Structure formats: structure tokens, C-alpha cells
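Novice: What follows is the residue order along each chain.
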Amino acid sequence: MKRSNLTLWLAASLVYIFLYIPLIIVVVYSFNDSRLNAEWVGFTLDWYYKLFQNEEMLLAARNSLIIAVSASLLATTLGTMAGLAIHRFRLKFLPVLAFTPVAMPEILLGVSLLLFFLQVLNLTLGMFSIIIAHATFCIGFVAIIVRARLQGMDESIFEAARDLGATPWQTFRLITLPLILPAVVAGALMSFTLSIDDFVITFFTKGVGEPILPIQIYTMIKIAVTPEVNAISTLLMLLTLVLIILANRLDAGMLQGDKKS
Amino acid sequence: MALLELRNVTRRFGDFTAVDCVNLSIEAGELFTLLGPSGCGKTTLLRMIAGFDVPDSGQILLDGKDIANTPPEKRPIHTVFQSYALFPHMTVADNVAFPLKMSGKAPDEIKKRVEQALAEVQLSRFAHRFPHELSGGQKQRVAFARGLINRPRLLLMDEPLGALDAKLREDMQRELINLQKEVGITFVFVTHSQDEALALSQRIAVMNQGRVEQIGEPSVIYGQPANRFIADFIGKINLMEAQVTQVSGQDMTLEADKLGTTTLPLKQGVNVGDKGVIAIRPEQISVHAPDKQAELPHAHSGKVLDFLYVGDVTTYIVELDCGIHMEALLANSAPGRARFFEVGDPVIVSWTREAAQFLLN
Amino acid sequence: MNKLRLTRWLVSLPPTLFLLLFFAAPSLLMIVTSFRYPGEFGGLAPLSALETMTGEGDSGLYGLTLETYHFFFSDILYAEIFLKSFAVATLTTLICLIMAYPVAMLIAKSEKKYRNLMILLVVLPFASNFLIRIYAWMIILGPESAFSHFVNNILQMLGFEPVMLLFSPFAVIVGMVYVHLPFMILPLYTNLEKHDPVLLDAAQDLGANRWQRFWLITWPQSLPGVFSGAALVFIPVLGMFAVPDILGGTGDILIGNLIKDQFLGTRDWPFGSTLSIMLMLTVLCVAGLSMLLARPRTSR
Chain Z
214 MKRSNLTLWL
224 AASLVYIFLY
234 IPLIIVVVYS
244 FNDSRLNAEW
254 VGFTLDWYYK
264 LFQNEEMLLA
274 ARNSLIIAVS
284 ASLLATTLGT
294 MAGLAIHRFR
304 LKFLPVLAFT
314 PVAMPEILLG
324 VSLLLFFLQV
334 LNLTLGMFSI
344 IIAHATFCIG
354 FVAIIVRARL
364 QGMDESIFEA
374 ARDLGATPWQ
384 TFRLITLPLI
394 LPAVVAGALM
404 SFTLSIDDFV
414 ITFFTKGVGE
424 PILPIQIYTM
434 IKIAVTPEVN
444 AISTLLMLLT
454 LVLIILANRL
464 DAGMLQGDKK
474 S
Chain L
43 MALLELRNVT
53 RRFGDFTAVD
63 CVNLSIEAGE
73 LFTLLGPSGC
83 GKTTLLRMIA
93 GFDVPDSGQI
103 LLDGKDIANT
113 PPEKRPIHTV
123 FQSYALFPHM
133 TVADNVAFPL
143 KMSGKAPDEI
153 KKRVEQALAE
163 VQLSRFAHRF
173 PHELSGGQKQ
183 RVAFARGLIN
193 RPRLLLMDEP
203 LGALDAKLRE
213 DMQRELINLQ
223 KEVGITFVFV
233 THSQDEALAL
243 SQRIAVMNQG
253 RVEQIGEPSV
263 IYGQPANRFI
273 ADFIGKINLM
283 EAQVTQVSGQ
293 DMTLEADKLG
303 TTTLPLKQGV
313 NVGDKGVIAI
323 RPEQISVHAP
333 DKQAELPHAH
343 SGKVLDFLYV
353 GDVTTYIVEL
363 DCGIHMEALL
373 ANSAPGRARF
383 FEVGDPVIVS
393 WTREAAQFLL
403 N
Chain F
1057 MNKLRLTRWL
1067 VSLPPTLFLL
1077 LFFAAPSLLM
1087 IVTSFRYPGE
1097 FGGLAPLSAL
1107 ETMTGEGDSG
1117 LYGLTLETYH
1127 FFFSDILYAE
1137 IFLKSFAVAT
1147 LTTLICLIMA
1157 YPVAMLIAKS
1167 EKKYRNLMIL
1177 LVVLPFASNF
1187 LIRIYAWMII
1197 LGPESAFSHF
1207 VNNILQMLGF
1217 EPVMLLFSPF
1227 AVIVGMVYVH
1237 LPFMILPLYT
1247 NLEKHDPVLL
1257 DAAQDLGANR
1267 WQRFWLITWP
1277 QSLPGVFSGA
1287 ALVFIPVLGM
1297 FAVPDILGGT
1307 GDILIGNLIK
1317 DQFLGTRDWP
1327 FGSTLSIMLM
1337 LTVLCVAGLS
1347 MLLARPRTSR
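Residue numbers (the working numbering), protein chains in the order written: chain Z, 214 to 474; chain L, 43 to 403; chain F, 1057 to 1356.
Just so you know, the hints here were simulated from the structure itself, not pulled from any lab data.
These numbers were taken from a predicted model, which means no experiment stands behind them.
Incorrect hints may have been included.
[Said to hold, decoys possible] Derived list of chain F stretches under chain Z, where covered just means 3 residues or more per stretch with a C-beta under 8 Å from a C-beta of chain Z:
id, segment
1, 1082-1091
2, 1129-1143
3, 1152-1162
4, 1195-1204
5, 1209-1223
6, 1290-1297
7, 1335-1346
Ideal Cβ positions, reconstructed from N, Cα and C, are used throughout, including at glycine.
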């Protein structure tokens, strides 16, 4: 028993190290006073300084934020509706529509949307097409989270509310909404991270106009690797970390009645 | 006029008839129980009374007005759900206040009445707890307080004691009966547990396959079951297949398999040739040592096949000489109880003329 | 009842319409596009150019053709790339499984209060930017990195030529595994966590040693988790173009890169659509197979 646990611990620790080493290296090198990502020379904040001087990068960051906020708002609204509808009305068609984009390789959604925007809508690709594209695959994620929350709940509490005199709308406002709120918030945060993180779909629906963060990073990696990439990577990691901690806090605060009892 | 009256209420789900032409009337102030095995339609019936389901045909009259199509929130009928259905994101006080808020009562009044209601169920200390911080019995009391606070005409309860352990259940049964006496609101229970039904109700409707088989006081349902299903479903009973061979004056003569010819008091509506069962409750059967061969009525000799001692009573399985197995229940109360019977002991079993009943199939 | 129907429409219609317009319609359009002719300067030839097409003696009906499919099946190169992608996906899935199993098992065996933290530690790197996670390996596998020097020193000691780790199939596999590992750990953990530990005690009591306990009790019970995790890794790897694009060399092209080139390089939309549809069909087969395998066992 003891020995097997030790082997397990050892193997699992190696995997955890495998997961974290690359990220730690990126963070460390973002403070390295050398143009090469090869050896430690000395501490500097130069790369961060350069980053904040890089106007195109700042513009890209701003654009990506706008896209992520809009796409997650859109996806959260539609995804919550979809999650409610799928759970409540036992629909057959909507789950297929909502969950397939989540399950299939991203490149397929990116390519088909590229064709659709250019061919049918005659749209110039840009921020708008990216927002739509991101929302399309985020809806499924939100719907899954909201539905999972609804599935974990005792159905009879909604009937109890009606029974005790609440109209359907009051039942939704006073019982359903507060109870699914943690799932809705979690879905929104997830959509936000998915959107700001997304490279593949953005790559196909971006057009040539505005700079977008993942595309900027891609270009930097492909063309000229400078430690500036390390700096922006570190900042992005920090952002995700904050979002995750926020999501966890919200969860703990709002899940007063989480246990199904 | 009855408080609640169901007239020819029928509900089908596809080919399956869940509730089949049910007629019932429940008087104000009653403790009424719908009893039946699972799948008998009692829960569907309850849901139609509460308003969560609509009958395909028939009427549901409350104070003489048909409410079959009224949505649940507009009915002065509240439900205590099997799972209690307490709102997990609201405190105990907010849960209890919910119906008052929905009916638009003033905040001052709500506060006063909630305090009073919680005091009545001894939960004042728990007003600011959340449901998941309560024990099963406490949750149940919150559910009662919430269901009763807005003075419904009728309180429906779906397996109200099902989730509690045996000891707590007995306490809650007594508490419920007292509560009903205090508030004077009509209670309708739904349960599959015959013990619960017999202990709680003033009247019981026994349901089977969507139909009401018998309505009556608990003692009537137990003592004079209307048919074989009810006899078998409620309590333990010995059943022997029999056929009526002769009807004369006050008596009828039955020919039972193996047991032979028996005479029982005539039952109304029974004709020669009818098939059914002779039914005798185990506690109505006495077991004697064979030396007491006296003139016992309906006496049969046999031997003890098995017995189960459970403290207060002992159940004997006796194999009669004719091959029939009978169950007899003997209380272990008599101070001078001569002896136990052991497996293999020869015994005489007997019952009085009134103990045996003939039930049509 | 009518009110219920109204709410039903109000709630389900907006997401349904949105997804019909931006998911279903584009997918159908892609299918149609795969049957069209490429335009002279990229994109598509107009459908009305039917006359000129038929003039060339082509059997095209209303400007539609099976040419791209014919092209796809006639050149062995595409079959090779599909096979290579399949091989990469299989290898990635296997490595992910081997790495994920001890982690999932350790988390499932740990005390409840530590489990959430251990899961969070698995998900955390996965939540950081996708490109950054790939880029990190550019640093580690780069020719000047400590790791590269270390590997090449060993190779030299053993008398081999030094190798370039970056821009190689090795780098592609490492990147693929790194990006997809959590997809394997999470379903495996969800499955292992449900196992009843008493079964292992029972097996031990009946004389099974550690290996027998694992292969006869834990492993068969975990198969549904293994299959759903495998699908979650295999499917995205099959369509992935960013990892080979960044970490791979010129020869490490997979289906994803091929599709990308058709749309953003040579601009041959019909052929790109054909490749996408072939990818979709492959994915559907894999997903169907995994669902079939992950299904709870019933006696026949």
C-alpha cells in the first residue's frame, strides 16, 4: 500500500512539473535582461516597459477586450436561454445546435464562418465577425454549465413556488434566476477567457483591419521572438489567474444553497 | 357542501390511464389519506388537486367552483412536497415568508406572522439558517410552517413522513395530528405506507390502478376490506381460495380448496357460484395445545412449521393437516402464558365465525 | 398551456435562430462550397458561369462538380497527410493517457479537501493563453536552451550526432500533449472518483496482488472515462494546425495546416471545404466510436 502510493506520488508530481515548468520559464525570462531566451543574465523590467510603449500591442489588447466582453455578453445571454430551454422543454434539436460547435475541431467552425461571412453576408471581416464567431462556440459552454446546475436541483422547488402563490415570472425571478446565477457568472467568465484566449477561430475570421491580441502574439512568435512575448504572456497569465480566483470566490459566496440536501 | 369534490376525474398519459374516473369528496377539517401502491395514480391525483396537472376530463370542485384549469398559484391549496422543496438560497424565515410575500402582505405583518409561525413549530432559533443547515425533522417543520402560514383551504402532503427515520416518524405523526387540530385546516396525505395512513387519517381512500377501491375510516378499511386487493395490501392476512356453494337464511356455505366446507355469515350481494377468498387476519387466529381439544369453532389441527419472535408478538406459521399454511399472531403479553410452541409441535388453530370474511375476487 | 408554449418559444427561439444562422447555415454552405469550382483569383467561380464551364466539356451541373473529391482521392499525398494526422493523434492520446492516469488516480485517492486544489492545479496552466503554452516549448526546445544542450551532450557521449529538437515531429508531439493533457485528466478523474474503494479491498482479500487489482478491477471500470478522455484529446488534435505551425518543421504538415493553406494561402475554397468535410467525417466516426465504447456495459 505504502509503496504504491509513493510510486503514484512520484509519477503524478512529474506530470505536475511537466505542466508548470514551461509557464514558469516564460515568467522568469520576462524579467531577464537579455534578448535571447537562453540563459539568465540579470533582472530587468525593460520588456514590460517596451510592451507599454508598443502602441499596436496596446490597441490589440483593447480590441481583444472589447471582443471578449461583447462575445461573452452575447454568449451568456443566449447560452443561458439555451440551457434553460434544453433542460425545461426537453428539446431535441437545440442541444445538437449548441453542443456540436463545442465538440468539433475549432478549425471547422473558423473555416465555415469565413466562407459564410465573405460569401453570404458580404461582410468585411473584422471585430464584428470575430464577436459573432466567438459567441457561436461559447453559447454551448454556457448552456452546458447552466444545464448542469439545473440538473443538480430538486425540480419540486419550482413547483413549490407556484404552489405557494408565485406566478411563472415571479418563480423565474425569485427562485430560478438566483439559483442559476453562479452558473451564469461562471459561464460568462469562461466565455471571456475562451474568447480572449482563442487563436484558431480568430485567425480565420479576423480580416486584415484591426490588430487582435492572439494574432499579434502569433506574428511575434513566428517572425521575431523577443522577450516582449514573455512579458505579454506573463500579463495574460496574471489576468486569467485573477479571473479564476474571482470565479472561485463568487462560487463560494453565492452557493449558499448549493447542496441538494 | 364538501370542501373538495372530484367528479369523474380522469388523466391519461398516452395509452396509460393514470387516474380513471375518480369520484371523491373531502369535508372541511378532515384528515384524509390517498393510499395505494406506487404507480396507482395517487400522486397524479394530488398534482391535479394542486394544479400541476390538468385532468383530461372531469371536474375538481373547491367550495363548489371548478378549479381544474386554475393555475397552482391561484388556488388556496398548498403542498408539502416529499423532498420538502425548501428554497436553498433563502433562509428559513424567507422560506416561510414566501407565500405571504406572494399574496402581497405588508412587511410588518409578514414579519409578525413569520415569527409566530416559527415559534409554533419551535424553530425560532433557526430563522436565519439555510435549509442545508437543518436536520430532516427541522426541514419538515419548515415545510409545514411554509405551507400553513397563508391559511390555505387545503394542505396537501406527498409522503410527508417518508424521508424520516422510524422513531422520528412516530413523533411527527402525533405532532401532525395535533397541528391539524390547532389550525383546523383540511389535510390531504398521499402515501404508500399503510401504517402511516392508518395512524394519521380520519378517512382513507385506497387506490389501485387509477381507481378508488374503497373509502372509509381506518378501522373499516382494515377490518372490513371491500375486496381481495385491499385485504392483501393493508396489513397481513391469510387468504384461502373458495367458492360459494349454498346460501340459506343468515348463512352461506363455502367450499374452500383443501380446507373443506365452511359456513360464514351471509354477505350482501353474494350468490351461489361466486368465487373469492376466505380472509382471516393473523391476530384473529388462536393457537392451542392439542390437549385442549374442546369444542372450538373452526378448529383445525396442524403443526408449527416456523415462528418469528419479535418481542411484543410472535408470528407462527402453522401447517394444517390439509396442507394449508396459516399465519397466526400471538401477543406475548399474558402474564401466565403457558408456553411457546416449538417447530414441529402439534397444535390446534381456531378462529371465530366473525373473524373470517369472504371477499370476492 | 398556451402561456407555457409562448414562454417556450421566447426562451428557445433566440439561441436557436442565432445558431441556425451562424453555425448550421455556414456548415451547410461549406458542404455546398466543396462541390463548386475555384475562382481564377482564389475564392469561388460564380455559379452563373455555367456556359463557359460546360464549354470546356465538363459534366458540371449548375456550376457544381465532384472534381475536388476526385482530386482528393486521386493524390496519395492527401491520404498520407490524413494518415500522419491520425498517427499523431493516436500517439498524443496514448501519451496523454499514460501521463494522466497517475494524476487522476492520485487526485481520486486524496482526501476530499485537497481534491479541488489538485484539480485547479491541473486546469490552471490550461487556462493560460493557448499560444503562450505552445510558445513556452519554443524556449525549452530551442537550440540554445539548457534542455537542448543537455540532450545533445548525452547524444554526443553516446556517439550520436546532435539533433535539433525544435521544428521536429518530437516538438509537435510534445506540444500536442502539453496542450491537451487536462482533457484526459478531468474525465478520468471524474470516473475514478466514483469507484468504490471497497472493491479493491475485496480483490485483495480474495488474493489479487497490486497489478492484478489494477488490471482486473480499476482499469476495466475506468474504461468509459478513458474513452471519453481519448475522444476529447483525439478530436482536437486531428484538426490542430497551430502546434505544427509553430513547433513543427516544414515536413510536419497535418490536416489542419492543409486546410489553413487552402483558405489563407492558395485560396482554393472548394478544395479547402472538401478537406474540412473529410475531417468532419473522420471526427464523426471517432466520436461515434468513442460514444459506443464509453457506453455503460449491459448484458446482451
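Novice: Hint by hint, note whether the structure agrees.
Specialist: Hint by hint, here is what the structure shows:
Evaluation of the coverage hint for the segment 1082-1091 of chain F: fulfilled, as 5 residues show C-beta separations to chain Z shorter than 8 Å, against a requirement of three. Only when three residues or more bring their CB closer than 8 Å to a CB of chain Z does the claim for the segment 1129-1143 of chain F stand; here the count is 0, and the claim is violated. Look at the segment 1152-1162 of chain F against chain Z: 6 of its residues bring a Cβ nearer than 8 Å to a Cβ of that chain, three or more, so the hint holds. Taking a C-beta to C-beta cut-off of 8 Å, the segment 1195-1204 of chain F contributes 6 residues in contact with chain Z, enough for the three needed, and the coverage statement holds.
For the segment 1209-1223 of chain F, the proposed coverage by chain Z is not satisfied: 0 residues have a C-beta within less than 8 Å of a C-beta in that chain, short of the threshold of three. Coverage of the segment 1290-1297 of chain F by chain Z holds. Counting CB-CB distances below 8 Å, 6 residues qualify, and the rule asks for three or more. A stretch counts as covered by a chain when three or more of its residues have a beta carbon under 8 Å from one of that chain; for the segment 1335-1346 of chain F and chain Z the count is 4, and the coverage holds.
The structure is inconsistent with the numbered hints 2 and 5, although it conforms to all the rest.
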